[in-house]
Amino acid sequence: MQIAHLSPTQLVARIKDPGIYIETGPFTIHLQTAVAHIAEGIRLLYEDFPILENSGVADFHISFIRTRSLRPWVRPEVRFRLDSESPFAPLPLEQAFAMFEWCFNWCISRHANQYLVIHAAAVERDGYATILPGPPGSGKSTLCAALVIRGWRLLTDELTLVAPATNMIAALSRPIALKNRSIDVIRSIAPQTAFGPICQDTAKGAVGHMRPPTESVLHVGDPALPRWIVFPTYKTEGATNARPMSKGQTFMWFARSSFNYTLLGLTGFEVLSNLVDRADCFTLEYSNLHDVIEWFDQL
Amino acid sequence: MQVRRDVLIQSFARPDSVVSLTPFEWDMLVRRTRPHTLLARLLILLDEHQLSDKIPAFARRHLESARVVANNEERVLRWEVNRIQRALRDVDIPIVLLKGAAYVLANLPVARGRLSSDVDILVPKDQLRVVEETLVRYGWEAVKLENYDQLYYRTWSHELPPLRHRDRKTIVDVHHTILPPTGRLRPDPEKLLEAALPLDGTRLKVLAPADMVLHSAAHAFQDGDLRRGLRDLVDLDALFRYFGSDPKFWNTLILRAEKIDLARPLYYALHFTHLVLDTPIPERILQTSWRWRPIWPLPAVMDMLVTGALASRPLDASKSMGSFFRWLLYVRSHWLRMPPWPLVKHLLYKAITRGRRKKSS
Amino acid sequence: MRVLSWTTPRLVWKSWGEEVIVFNVASGNTHLLSPVAAQALRILEQNPATIFELSNKLAGSASVDADEEFIEHVEKLITNLDELGLVEPVS
Numbered sequence: 001m002q003i004a005h006l007s008p009t010q011l012v013a014r015i016k017d018p019g020i021y022i023e024t025g026p027f028t029i030h031l032q033t034a035v036a037h038i039a040e041g042i043r044l045l046y047e048d049f050p051i052l053e054n055s056g057v058a059d060f061h062i063s064f065i066r067t068r069s070l071r072p073w074v075r076p077e078v079r080f081r082l083d084s085e086s087p088f089a090p091l092p093l094e095q096a097f098a099m100f101e102w103c104f105n106w107c108i109s110r111h112a113n114q115y116l117v118i119h120a121a122a123v124e125r126d127g128y129a130t131i132l133p134g135p136p137g138s139g140k141s142t143l144c145a146a147l148v149i150r151g152w153r154l155l156t157d158e159l160t161l162v163a164p165a166t167n168m169i170a171a172l173s174r175p176i177a178l179k180n181r182s183i184d185v186i187r188s189i190a191p192q193t194a195f196g197p198i199c200q201d202t203a204k205g206a207v208g209h210m211r212p213p214t215e216s217v218l219h220v221g222d223p224a225l226p227r228w229i230v231f232p233t234y235k236t237e238g239a240t241n242a243r244p245m246s247k248g249q250t251f252m253w254f255a256r257s258s259f260n261y262t263l264l265g266l267t268g269f270e271v272l273s274n275l276v277d278r279a280d281c282f283t284l285e286y287s288n289l290h291d292v293i294e295w296f297d298q299l
Numbered sequence: 001m002q003v004r005r006d007v008l009i010q011s012f013a014r015p016d017s018v019v020s021l022t023p024f025e026w027d028m029l030v031r032r033t034r035p036h037t038l039l040a041r042l043l044i045l046l047d048e049h050q051l052s053d054k055i056p057a058f059a060r061r062h063l064e065s066a067r068v069v070a071n072n073e074e075r076v077l078r079w080e081v082n083r084i085q086r087a088l089r090d091v092d093i094p095i096v097l098l099k100g101a102a103y104v105l106a107n108l109p110v111a112r113g114r115l116s117s118d119v120d121i122l123v124p125k126d127q128l129r130v131v132e133e134t135l136v137r138y139g140w141e142a143v144k145l146e147n148y149d150q151l152y153y154r155t156w157s158h159e160l161p162p163l164r165h166r167d168r169k170t171i172v173d174v175h176h177t178i179l180p181p182t183g184r185l186r187p188d189p190e191k192l193l194e195a196a197l198p199l200d201g202t203r204l205k206v207l208a209p210a211d212m213v214l215h216s217a218a219h220a221f222q223d224g225d226l227r228r229g230l231r232d233l234v235d236l237d238a239l240f241r242y243f244g245s246d247p248k249f250w251n252t253l254i255l256r257a258e259k260i261d262l263a264r265p266l267y268y269a270l271h272f273t274h275l276v277l278d279t280p281i282p283e284r285i286l287q288t289s290w291r292w293r294p295i296w297p298l299p300a301v302m303d304m305l306v307t308g309a310l311a312s313r314p315l316d317a318s319k320s321m322g323s324f325f326r327w328l329l330y331v332r333s334h335w336l337r338m339p340p341w342p343l344v345k346h347l348l349y350k351a352i353t354r355g356r357r358k359k360s361s
Numbered sequence: 001m002r003v004l005s006w007t008t009p010r011l012v013w014k015s016w017g018e019e020v021i022v023f024n025v026a027s028g029n030t031h032l033l034s035p036v037a038a039q040a041l042r043i044l045e046q047n048p049a050t051i052f053e054l055s056n057k058l059a060g061s062a063s064v065d066a067d068e069e070f071i072e073h074v075e076k077l078i079t080n081l082d083e084l085g086l087v088e089p090v091s
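So the sequence lines, in the order shown, correspond to chains A, B and C.
Note that the numbering used here has the first sequence beginning at 1, numbered continuously upward.
Note that the numbering used here has the second sequence beginning at 1, numbered continuously upward.
Note that the numbering used here has the third sequence beginning at 1, numbered continuously upward.
The shape of chain A in the complex, shown without the other chains (with noise of 0.2 Å):
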């Protein structure tokens, strides 16, 4: 059964009491919460994925409490709990649906030592992965959705898992998350894509996630051999300008903007030897994100 298949008041009902489990590719999640907003994302964002039943077995068992307060003028906040630890700050009742995708993150980012975990977005096509490298700002996420929209399979927008016996790429095919400018840039490709609830004024200005397409979602059990590795950075104006990267400098970058490249110590550095040796690795300047797409395609 998927979650599509709840109706709106049975899936609130649901992840209200007793919580909800959600098969999330490799991983299972309890999510429990009263709070409206995270159901509606969840219900958007989340109907083609699988709920198992309340069999009490969960990778992380999470919830998200909205905090109480005496005092009328303190905003409503939002605290999460994954089982009796609480290790953030509450954040504002609006940001509640990105909070639970931040946390969903770290969750796996902190106990998934079974992968080498890598900050960047992930597409396949053919089995093939092009993993998408880049800070924040990079324009990534952006370029994930794009890609996604034309018709790659979306395999991760944050977090890549590389297992170490297959040295390949396993997916999450989870929502990707948007900023700013991003939300109305891919809205204006493909004004039919959809969004959860866009929340403004967190750390990072306005964040909105895009739904995951079915086929991805679907086939979220197939995971990808790397065969590309591409620096994306977005520029105001300019020629797409794709040049090869340096393998060095590659495996560098990832080794510094892993999660736990270190704590896998000797494996970590053989599954990202394999890793880089087996895909061609480019920076790509780009300005237009139709011309960039095509370059994509001729890879």
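For the record, the hints were derived by calculation from the structure and aren't laboratory data.
Warning: the hint list may mix true and false statements.
Now the in silico label distances, taken between C-beta atoms and shown as ranges [claimed, not checked]:
| # | chain 1 | residue 1 | chain 2 | residue 2 | range |
| --- | --- | --- | --- | --- | --- |
| 1 | C | Phe70 | A | Gly238 | 52 to 60 Å |
| 2 | A | Ser257 | C | Leu4 | 53 to 61 Å |
| 3 | A | Lys16 | B | Pro280 | 42 to 50 Å |
| 4 | B | His49 | A | Arg256 | 34 to 42 Å |
| 5 | C | Gly17 | B | Glu64 | 31 to 39 Å |
| 6 | C | Glu72 | B | Asp92 | 28 to 36 Å |
Cβ coordinates follow ideal geometry from the N, Cα and C atoms, glycine included.
With chain A held as given, fit chains B and C onto it using these hints.
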């Protein structure tokens, strides 16, 4: 006194019991074990009991992920000891590794799956300054403490403030004794240094087995505040099992405890590991240790405090009786460490800064 | 004064053309090496050498003289590598 055993304690006391766990109970076990940072240790324990194939895949993932972390901590610790040796290579003094660093470098079973990357070393008191200066020259820095805390450390405590390496961010604690010199128990560090054994292939030493056990007991029940609770008991259990396989060990332990004034913590260590984890301690040793038990009603109170503190925190509440008991033990450990008036001042200061910090966040 | 011989700890190598990356198993650190550093480490990995011996080998393969200045550079290199934990004195 009966200890109500939940799945966490039962799994450590009786690893075989995991074969009858339902998936729901396995999930609960993982969640309860994680806050104690004992997941890796649990995996090791189950491996040692040939129970690996009884672990369901979903639980195994989390245990293995934790093992990756534990392996890394061990590497960090070994490297830190390497770097300390390098820094102190021209300083010709005895250096005794304590706790985690000793367990790892001596390849003791207690080290397997254990998480700790701070390095504790014991040096003669008159060499403290030289050691500190040398380490500072090689990149370690005193952890930035407020002035009050610095004073506390240097006056009342038994260590320099911790030294953190500026690049690696790892911590070295340099001790000249193992309990605060102002406390009620005064184990003589010279005796410990005298009995210390060399580590093969290095210029470093570790405490003799009995001393190692007594130090762990002192740390758990006197110096420490049992915040680490189950972890300390798991350590002691492993040490008792390993050293206890030598029949001469037990008598040595008893004699040594009295000689270096750590009999009371040993009583607690023997009593509680046996009670909570079914640690196999010879009956006559348990009986002998009875003479060190504190006067009534302290034993019952301690029983209540310790088993209360060990009660796993409910998964859906952050405040609980467990944390109250832990706080009580924290107060107790500070009472043992400092005479009453400074204690009140110290706790007041801590409380005020905690309150202040909360307001500004 | 005792002259030190230098050697390397266990290293794992990966190179792409001129780019050499080395992983120090004991420290867990990963380093992108300059060509000279890479060459020096490869030499010491095979056989421990003093700074003098190492300078001669490096100079030989570069077809230059191992004069005083050269040896000073090598000494600096070894100091750096020692700090990083990539070389250690033979005990």
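For this session: Check each numbered hint against the structure and report the violated ones by number, ascending.
Result: Hint check: 1 and 2 fail, others pass.
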